[in-house]
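Enquirer: Read top to bottom, the protein sequences are chains A and B.
For the first sequence, position 132 matches number 132 in my numbering, and the numbering has no gaps at all.
For the second sequence, position 329 matches number 329 in my numbering, and the numbering has no gaps at all.
Calculated directly from the structure, the hints in this document are not laboratory data.
In this text, a Cβ means the ideal position worked out from N, Cα and C, and glycines have one as well.
Where hints are given, some of them may not hold.
[Stated by the list, open to error] Interface residues of chain B toward chain A, partial, derived using beta-carbon atoms under 10 Å: (1) VAL24; (2) LEU33; (3) ASP37; (4) GLN91; (5) LEU142.
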Amino acid sequence: MAEGIRGSVWMYHGLFLAIALGLLFFRLLPLGSMAGDWPGPDILLCVVFAWVTRRPDWLPVWLLAAVLLTEDMIMMRPPGLWTAIVIIAAEFVRARVALTRELAFVAEWALVAGLMVACLLVYRAVFTVTFLPQPGFGFALLQTLWSILCYPLVVGISRLAFDLRKPMTGEVDRFGRPL
Amino acid sequence: MARLRSEPEEFSRPLRRVLVGLLVLVLLGLFLLWRIDSPRVERFRAALVDRALPSMDWALVPVTQAAGMIDQFQSYSSLYAQNQELRRELQQMKAWKEAALQLEQKNARLLDLNQVRLDPKLTHVTGQVLADSGSPFRQSVLINVGARDGILDGWATMDGIGLVGRISGVGERTARVILLTDTNSRIPVTVQPSGQKALLSGDNSALPPLEFLEKADEVRPGDRVVSSGDGGMFPAGLLVGQVVMGTDRRLRVALSADYQRLEFLRVLRSHTLVPITDAGALIAPPLLPDGPDTDAALDVGSQPTRGAAEPSPNAATAEPNADPSTETDAGDG
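Just chain B, with the same shape it has in the complex (with noise of 0.2 Å):
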């Protein structure tokens, strides 16, 4: 019996070993073309994910659902005081809106006074979490709006409050989004309201490091930190959190956005950004617009009040030219 199991081993046995050993130097070979041209191995993940993970919908959702439910339920026995402690809460709020409400009419004045376009591309497209990547050494979730909706490498996520991340993978109906806490995760901030811009470098801990800080005392914990726009990869602006002391005595940024629960995303759409090629040009005053655009001056010029009527972008740029026939105007007046 013995002698009739061992002789075909004695053939398959190398053959085998010559199998394996290939299959070996494939899968390493695959990692070497993933070193090599990343971009390429990295887009047929994309597709894998954005194939395999849509279907497993109908699983996750529930089980996700239930997972939220017991944590609710948890907190049922801390109800009561957490009401108690509401209401307070509330009633400070209250106070917060009024000032608030107040402070937003303001800035809506002193916009209009000053004529500020906001950016209408500043629009946004709002996804919600699919997965999770689950490893402590990948900060990155999975959500439901892809190349379908639009989406672009790159552009910044936020929750409702704070910066979460950055799209990095976007497969046809679903998008991955590097967290500010992965490793990979390098994003130019500013620190309000000294104004000291730094790094926002993610360590794989909750609490992600400011680097490159030009004077680190004029930065104090409690300090808002916001996204500085530098280097064209963000809009500016955009809250991040506040500066806190880390235990290593490290300045570090305590994230705003509610990390512990990403439920829905918003997907800015950021700029199609405009690379500057040339050293630049010779500095000339602007061109005086010739037509229309020459009435779109004039009427600038007679307009005695700024900002009521809707300002067209032509009167914007033909506004330096037509400086002097408002200050006769003004004397005329």
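Isolated chain A, as found in the complex (with noise of 0.2 Å):
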């Protein structure tokens, strides 16, 4: 059953995109966030580390950009930048997923983390740079902070409802590749 549905990337393209555009759709409910009120997590950052440190080939750099890009367009941030550093965070991972396959949950758990915060300052020392106004680091860092409490989270929703784990020795694709 698990090689049927392994079988498609496509489709996990599509899984991606449906989750991107469902946490969209859920931020945009008119529901009243008050200012003032603590920042959420945010959830696509997790999404994004899961895949990329479980199955990197699922998440495809074209649609990472894709996603992200729409999500700074409609979220009004400043379009591109947070496009950018995520996704240069994510190839980071990508390019290491040699070491990510060895290490211990608690081990990646930390390594994200440090990504995110990472992430979180390159953002900030770029709105510091090109003079643009910005909320309090306080307040910026609640929200990375809510996101790394989250990662668990997302990884273990991840592992029950779309069977995302990290690929096992000798695994083979559908071509019979080892992955």
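Need the complex rebuilt from these two chains, each delivered in its own frame; the hints are there to steer you.
Expert: In structure tokens form, the structure reads like this:
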């Protein structure tokens, strides 16, 4: 059964797109986020890291760029900056797939947490350099902390719902190539 | 097997790296373009949102309604207590309503006596809130009226009671309202009754602070804050809120508009502003109007009761010139 699901990479591309659009949709609902509310986690970022650590082939760069750029546009963020930062971070993880495959979950969590904080710092640094107004540092850090806390949850749900896990030794894809 | 797999990768990996590098460069270029030429990119963004969001309307509305129903269901538990409280308040309100009606009549009479002309251009367009920006760092909402309905950038937006924000970004069918709580929002306001001018600058909290107050000690918590109309951005006298003392000992404004449930928003059609370009010409008495206008001036002179008849705009301008004749008339009568 798992073979059948794992068969099509395109299905997972579609799945990622659906998750991203669903998250965007719920954030757009006019349910009145008051000014001064605590910021919630950036779940899309968790999903990106969870997928790219486990199955980088399910999350190609072009799809990541398209989804994040759309989010940038609709969420009134400066277009392109956050997308570029997350792509660089994802590429960083992708280039170390051999390493992350060996890592225990706690170590992986620490790596992702570090990357999220790094993303935030770079994002804010660019804001400062280009003289853009930005919210307080603690306020923004809170969102990142939330995201870090949510990461195991996202990983667990992805594991249960989409059978997202690291490929095991000797596992082969549809064409019989080792993963 | 492993060899077969690794062979094509030796070619594709550097190529891939170059492509990703290019992609990141393009994205950073887009960011720089936005930083340098913001209006162009923002127009593109507005067009994109305009295209994407109304088509999501069918899905946004039911979910919002459902959430609203759950919200209301929770309030059923406290319904009885609320009902009693409302009855009591209604009793008090009746007294207030009576007072308000009398004041309104009095106000109308005084306005009539002063021949005040209310600006006929101050009409409004009502729009429904389509979507929230959703992020705690950006306070803005989208409404379902846009360039099609004649909305322009910079117009004031109110809910039933108070000022909510201003239009910033107009698409064909949607417009974005920057709320007063957004960090980009700066509104010139007047604090009543002391008449102190200040700037209400959003800082992403529910209570935006008052800045550049000249004499802060003349302003007390509880004072009314209205828009001042300075800078010609907003019409003057729109209710903004009440002064409160923040926990950080700064004077802040509790907004009158109900930010919890922004559902329908009024966009005020503001004046088309005429910029003042020259330093000012020679100050001279206004020229005597010719032709039928002179007759109008004479009409004013012979009219003993003012405000009873509908005054024509010409009469108002010609009035200073007609003053001597009025005096002679009064002497005769």
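Enquirer: Hint by hint, which ones does this structure get wrong, listed from lowest number up?
Expert: Hints 3 and 4 are the ones this structure does not satisfy, whereas the remaining hints hold.
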